[in-house]
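**Student:** Starting from the known structure of chain A, arrange chain B on it as the hints suggest.
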Amino acid sequence: MSEADEKRRVFVTGMGLLSPIGRTADDVWQRWAGGRCPAGPVKRFDATNLPTRIATEIPDFSPRKELKSGRLARLLRPGEDFGYLAAAAAISDAGLDRESINGPRSGIAIGCRKEGPKVENFFSAIKASLTEAGEMDHQKFIDDGIKLIPPQTIVEGLPNACMYYIAHEYVLQGINYNFLALGSGGAMALGESLRAIRRGEADLMLAGGYDSWVNWVYLAQLSNRRLLSRNNDHPQKAHRPFDSNRDGSVAGEGACLMILEDADSAVRRGASVYGELQGYGSATGVPHEDLAACTRVLTGCIRQALADAGCGPEEIDFVHLSGDATPGGDAVETRATMEALGRHGTQIPATTLKSATGHLGNASGSMELAMMFEAMKRQTILPIVNLEDPDPVLPLSFVTSPMEGLELRRGLLLNRGWPSHYTALVVGRAGG
Amino acid sequence: MTARKARRVVVTGMSAVSPLGNDLASTWASVKAGASGVRSVQSFDATDWPVQIAGEVRDFRVDPFLDESQRSLGEILPRNVQMGVAATAMAAEDAGLQPESIPPERLGISVGAYTTCINLRQAAGWRTLMVDHAPPRYPDDEKRIDLRLPQVSIVEALGDRWRAGGPNYVVSTACAAGTQALGSAVRAIEDGRADVMISGGFDNMVEEVVLLSFSLLGVMSQRNDEPERASRPFDRQRDGFVISEGAAILILEELKHAQQRGARIYAELTGYGASMTTEHITDAATDGGAPAAAISLALQDAGMEPEQIQYVNAHGTSTRGNDKSETMAIRKAFGEHADRLAVSSTKSMTGHLIHAAGALEAVFCVMAIHDNVAPPTINYEHPDPGCDLDYVPNEAREMPIDAALSNSFAFGGNNGAVVFRRLQE
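In order, the protein sequence lines correspond to chains A and B.
End of the first sequence sits at 628 in this note's numbering; the numbers just go up one at a time, nothing left out.
End of the second sequence sits at 508 in this note's numbering; the numbers just go up one at a time, nothing left out.
All the pointers check out, no bait thrown in.
Label-pair distances were calculated between CB atoms; the ranges are: (1) A:Arg422 x B:Gly157: 16 to 26 Å; (2) B:His465 x A:Ala324: 38 to 48 Å; (3) B:Phe143 x A:Arg422: 26 to 36 Å; (4) B:Gln507 x A:Asp223: 49 to 59 Å; (5) A:Arg240 x B:Gly157: 34 to 44 Å; (6) A:Lys203 x B:Asn202: 49 to 59 Å.
Just so you know, these hints were derived from the structure itself, not from any lab.
Backbone N, C-alpha and C define an ideal beta-carbon position, used for all residues, glycine too.
For reference, chain A alone in the conformation it holds in the complex (with noise of 0.2 Å):
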C-alpha cells in the first residue's frame, strides 16, 4: 500500500436501520435508555416444543405492505426484507439516490446467514407424497409432489438474493463481498469496506448487516448449541450481559446498513457526517472452545485494530463490547480488552446494547456501532440493560447507571461471531 493510500479516511455519511426497539438511531436510543428488554414468547411461529421459547421480534412488520413490491415480498426471506428496507434508509439519509451513486465505483458489503430457500417450500410437495404410514414414496413425489414446489424457490434461496435487489434499485456496480457468518458478519462487512476504501478500489460502500433468528430452526440450533437463554418464564430478564447468572443470548432480529464514504468525496459534496471508521483487526480463536487461546487471538485483534487506526490505547475513551451473555464469551472479550488496553481498558466506560434489543445476529456489530456514533454525539453512554449482578470475576467498568457529560472522541468496539469469530473496529466522532 502507497503513503497516498494510507491517508484516505473513511467517514460515515449515512445509516439506515430497523430493530425491535425501534427503526432510527434515536428511538434505538430512547429504548434503550428506558433500560428494558423486549423480549418475550415468540409469535411467528409455534415454539412448544423448543428448548428455548423466548425471542425479540420487530413488531408490526408486514413484509407486503413495506415492500411496496409483492415479487419482492415473496422472494425475500425474513431477515433480507430488514436488510433491503435499511439499505433504502442508507442511501436516502446520506442524500443519495440512484441517480447520484457513481456506479462502478460504489461497493457493497454485506454480512448475513441465509441457508437456502425455505424448507417450508417443499413441505405441500412432501405431504402430498406421504404414504398412509407416514413415509416418503418416490412415484407419489413425482406424480404429486413436484409440481407443488414454488418455481421460485432457487431464486429465493440463492445467499446473494438480497445484495442482488439492492444493487440493482441503487446501482452499486463495483466491489462486493457477501459474508456469511453467525454474528460476525456486518462488523466485518464494515472492515472490508474500510480496507477497500482505503485501497482506492471504491469510493462509496453500503455496508452492514442484516439477519433475523427468529425461526423454528435457528433457535433449535443456536439453543443447543447452549448460545441461547433458556430462561423462558423471563423472557425480558433472559439476556444478561456480564452479570453472574448469564445463561446465553435472546434471539432477534434486525438490520443496520451503513454509508461509507471516501472523506474527501464526501466532504466534496457536503455530506453530513456521523463518524470515523479508523481501525479494523479480525481473527477466529482456536482451537475455539479453549478460551485462554481465544482470549490471546481476541488481545491481538484488538491491538490490529489499534495499529490500523494509528492510535494508542489511552487514546480510547470508552468500549462497546459484545455482550453475547454467554459464560465464556464475555469471559473472553473482557480479559482480552484489559489484556490489550491495560489498566486504562479496566477504567474507561465498557457497555453493551445487545441485552436492550436481544442478539441481531449479523446486523449486530453494524447497529452497536450505530449507537457508539450517538453516544459520541451525545457524550453520554447507557447502561447495560440486566446487569445487576455484575460478575466480579470480570475486570472492566460495567456501565450501571446512565454517565452523562463525558468527553468521547473515540471508542473501540468488540463483535463476536459464533464460534468465534472476533472483529474489533476503532472509530472517532465528527469533526475528530
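**Tutor:** Below, chain B without anything else, positioned relative to chain A:
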C-alpha cells in the same frame, strides 16, 4: 500493480476433489485427456425427474483426512465441509504447511461455501418436527446433520485443525464465491493481516431439493440420455449447465514467507477484480459490461496489459445467456488480443461446482501455467455465431502459458476475475 505491491502473493499448494477425481493429480489428468465427470445421478433416485444428471464425487470418504481428535466429527459434518476438509489436508500437504511453525493469527481461511445441505428425507424430518411437533419436545444436544451450524463446522473442522486464528471469511456469492474468496484472501495478505491463507471453495449442490429447484428455473441441461455430452459451453446446441459437487483449495502465501521456508512456488496471484451486474438476477449481463469491468480491474490490479495473458479459463456455464455474454465481455476487456487468447470452459468436463467452481478453475489456471497446457472445452461440435473465440475445442493444447485469468459470474450479479502469472523475479 505488481511493482508497487509491497507484499506479493504466491500459490504454494493446491488440491482438488471433483467429479473427475478425488485428488488433483487424477483430476488434472482427466482434464488434459478431455474426459467428462458427468453421469446419471447415483446418490439418490432421480428417475423421471426433469434433470437426472450431475457431476458427483464418487467413493469419497473423509475419515483418512481427519485428525485422531476429530474422528467423531466425521459423521456429523455436512458433505460440503467434508470435501473441504479433504481438500485442505491435501493442499496443506502439497505446500508442506506446518501450522505449528506459523503464529495462529498469521494463518487465515477464506472459502466460498454455502450451507444448503438438505434432501427430501431431511425436509420430511423437519416437517415432522416443525409441523407435527413430534417429538413433543425437541431433543437436547441432538447431533443432526441438518441442524448443525455451518460456521461452527468450518471453524471446528478447519480452523481448529490448522490453528487458523487469522481472518476467516465464508464468502457466499453463489457461482462467483470461489473466485471472490481468493480475492478476499489475497487482500488479507497484501494488507499485512495474514501471511498464509487457506483459500478456495467447497459445495455439494447435488442434492434433491437443489436439483429440483434449479430445474424448475429452466437453466439446467436436460440431456439426460447423454450425460457426458450435456455440458457443452459455447456450442450452438447447449441447453443449460450441469450441477456438480467438489472442493478445491489453494494455499496462498506472502512471497517472502514462502521463499524463507523454501516452499515450492507454483505461480503468483497477481490481480483480482470484482464488479456487480445489476440488470437481472439470473440473466447474464446483456452487453458483457460489468463482467468486462471485473476482468479489466483484475488486469489493472496485476499491473498487466491484456496482451500478457495467454489463457482464459471462462466461466462458461453452457447456458445460452452466459456464454454469449461472456464472449462479449472477453472481447470488451481484451480488445483485439481476444482473438489470440486460448479460452476454455473446464465446466464442459467438471460441470458447475457453484461455490467451489472458481476455486477449482483457479487451480486449473495455475496448472495450465505449470504444465504449459491449455485445457480443452469438450463437446464443442457446432459453432455458435455469437460465440466466436478460440475455445480450445475438444483437445488440450500444449502452448507457452505465462499468465492466465479465470472468470466467475454469479446468479445474483457478483462478478470476479483473478490473474495468475509465472513468478517473475
